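**Student:** Could you build the full structure based on these sequences and the hints that come with them?
These protein sequence lines map, in sequence, to chains D and R.
Just so you know, we're using the numbering used here here: the first sequence kicks off at 1 and counts up by one.
Just so you know, we're using the numbering used here here: the second sequence kicks off at 1001 and counts up by one.
By construction, these hints were calculated from the structure, which means they are not laboratory data.
Since the model is a prediction, treat every value here as computed from it, not as a measurement.
Glycine residues also receive a C-beta, built at the ideal position from the N, C-alpha and C atoms.
Any given hint could turn out to be false.
[What the hints assert, rightly or not] Anything over 12 Å on all C-beta distances counts as not near chain R; from chain D, calculated:
1) Ala58
2) Val65
3) Asp92
4) Ala103
5) Ala132
6) Arg155
7) Ser170
8) Ala171
[As the list claims (entries may be wrong)] Label-pair ranges, simulated between beta-carbon atoms:
9) R:Glu1247 to D:Gly145: 52 to 60 Å
10) D:Gln68 to R:Asp1122: 23 to 31 Å
11) D:Ala90 to R:Glu1314: 16 to 24 Å
12) D:His129 to R:Arg1417: 32 to 40 Å
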Amino acid sequence: MDAFTTKTPLPPALAALPRGASGATDRPALLLACGNSLREDDGVGLQIAEAVEQLIPAARLRIVVAQQFTPEMAADVAATDLAIFVDANASDDPGAIRVQAVAAGGESPETHRLDPQALLVMAGALCGHTPAHAFVLTVGAAHFGYGTEIAGPVRQAVPRACRLVGNLLSAFRRPQA
Amino acid sequence: MPRTLVIDPVTRLEGHGKITLQLDEAGVVQDATFHVTQLRGFEKFCEGRPFYEMPNITARICGICPVSHLIASSKACDAILAVRIPRAAANLRRILNLAQLIQSHALSFFYLSSPDLLLGMDAPAEERSILHVAHTHPSIGADGIGLRQFGQRVIELLAGRRIHPGWTVPGGVNEPLSAEKRDEILAMIPPAVAAIQRTLEWYRKSVEKFTAEIEVFANFPTLFMGLIDDRGLAEYYDGALRVIDSEGNIIAGELDPAHYADFIGEAVEPFTYMKFPYYKPLGYPGGTYRVGPLARLNLAGRCDTPLADKEWREFRAMSPRPLLSSFHYHYARLIEMLHGAEKIEGLLADASILDKHVRATASVNNLEGVGVAEAPRGTLIHHYKVDENGLIRWANLVIATGHNNAAMNRGILQTARHYVHGDQIAEGMLNRVEAVVRTFDPCLSCSTHAMGRMPLKIELRAPDGSLVREVRRG
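**Tutor:** This is the structure:
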C-alpha cells in the first residue's frame, strides 16, 4: 500500500476536480518547495520536501527545493502533468494547511522571483506545456526571524502536509503499473 | 527651485539600491548618487570562526553567486594551509566557476536586461519583465531559462545542489567527479553553445537600435582590471592581475593578487554602504577602474577557445582602443558565456578530471591567506588572518561589484544628464538611468557584506560652499 493512501481527506474543491486517467501520464509529478531554512518557520516547505522524499520514490515524484520560485523552474514545471508548489503562508494561523488548485495567470513584474501562476504561464509560453493539474500547498507560519527552529504548531503540520501530498498524487497522477 | 528626484527601489538588480538625482533651478541634473541601502555583517561576525568554515559561511553572502565566494574563500584557505591543491581539484573548481559565470550571466542578460533590449527602454514598466518576454519572444526566453538551467545543473552535478553548495573546501574539493556526471555535462554543452550563438546573432542585429544609449551609458575613460593567465589570455580562476588604461596601454602587467592591498585602495563616501576601490598609484578618484566582462575582454589577449575567440575578435574590432561604453557589458557577457561552455568541454575532455585524489590536507602553516578569482561581475578577493589555532582574527572581502562603484556612480550622472530634464520626466528616461546600472549587473547583496563603524565624514557647508564644520568617524 502506498504510504500516502491515508484517511486525510482532500479539500472539497480539490476532490471535485477531474482526476485519474483524464490527462494523467506516467511522468513523475513535481514538488517545488521554497523557503529559507535559516528564517525559522519559512523553512517549513523544505521540511515537507525532505519528509516526502523519504516516502515517495523519485520515479513518482521529482522534488526541487529552492529559496524562491525562479523563471528557469518553468522547464521543470513543463515537464510534468502534476505540479505541487509548497511554501509557508504568513497570512494563515500557524500550522493551518491550505491546498488550492492553481492555474496559469498573472503578470508578475518580478524578474527572478515568480509566483506559481506566473511559472505556469512561463511553462506554457516557453516550453509549450502546462501541467494538467497544479496545486499550491501552504502551511501557516508566524515567525520569520533568524534561526533554524520551526515553531511547534508549524512543525506538527508537516506529517499532515505530507499525507496531503500523497493524496494529491493518488488522486491526480495515474499510478505506475 | 532645486529639486531632488529619487528612484527607490532601483529594480531588476541583485539587492536593493537607491539613486538620487540632484536638479538645479533650471531642472538640469547637477549630481547623481547611487546608494546601497543594505548593511550586512560578514567581515565582522566571521571573526573567531575556524578558517575552514569560511567557504560555507561566506557563500551565504549571496544566493546568486555563492560559488564565487566558495572559490575565492577556498583559495584563501589553501594559502593558509600552504598547499598546492591536486590538478583535478583545481580543474573541477574551474568548471564550477565557469558554470557559475554562465548561470549568473544568463540571469543578468535574459532575466534582468532582455526586457529593455527586446521591448525597448520606453516600453511600459509593467511590460519590462521576463514574463512578458516569454509572451513576446518565447524562443529567446526559452534560451534564457535553458542557459540558466545549464549552469545550475552543472553546479548541482558537481557540488550536490544549485545554491549554497559545500563541495569546494580548503585543499581542494570533497568528492571526485564520476564518469556518469561528466558525460551528462558533456551532453548538455552542444545545445548550450547553440543557444548562446543564437543569442549572439540576435544581439548583434538588435544592438544597432541602441546607439544613443551606447553613447551615454557610462561611456568614459577608466582603467580596466582583471585576471590573465601566463600567456596574457582571459583567466577566471588563477593567474595575475592586469591593469590597462583607456587607450589599451598595460600600466601594470602582472600584479600578484595576494598583494592587492599594495595597489588597491578603498575609499568611502557618506551616501552609501558600498566602498569605492581605486588603483592606488593614481589615487581616488583618478584611479577609478572597471572590472567584469567588459574589462576582461578589453584587457585579455583573447579568450582561448575557438568560437569565443571569433566573437572576441568582432567585439574588439568595434574600436581600436578598449570599448569604453558600459553598454557593451551585455555583449561581453554573451561572449564569456560561450567561452565558459567551450572551456568546460575542454576541461572535461582531459581524462585526469576523473582523478580520485582531489584534496590536499594540512594544518595551519600560514597566518594569512588571500584568495582571488574572477566572479561573474569581476575580480573577487578574500583575505583572512588567523591565529595559530586557525581562528579568524580579521577578514577583508573586496567584492566585484564594489570595484565598479565609482564608474557606476559616474555613469549614472552621465546618463541622467543626457536623459533627465526636470520639467519633462518620462518613465523611459528614468528607466535608462536604472538600465545603466544594470549594465554593470551589480550584486548589492555581495557588496554590502561589511558591518561595524563605517568610516564616515560629514561636512557642513555654507551657501557659498565654504566648509563650516567637519565631523569624522571611523
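**Student:** Starting from the hint list further up, note which numbers the structure goes against and sort them upward.
**Tutor:** Of the numbered hints given earlier, those the structure breaks are 2, 11 and 12, listed in rising order.
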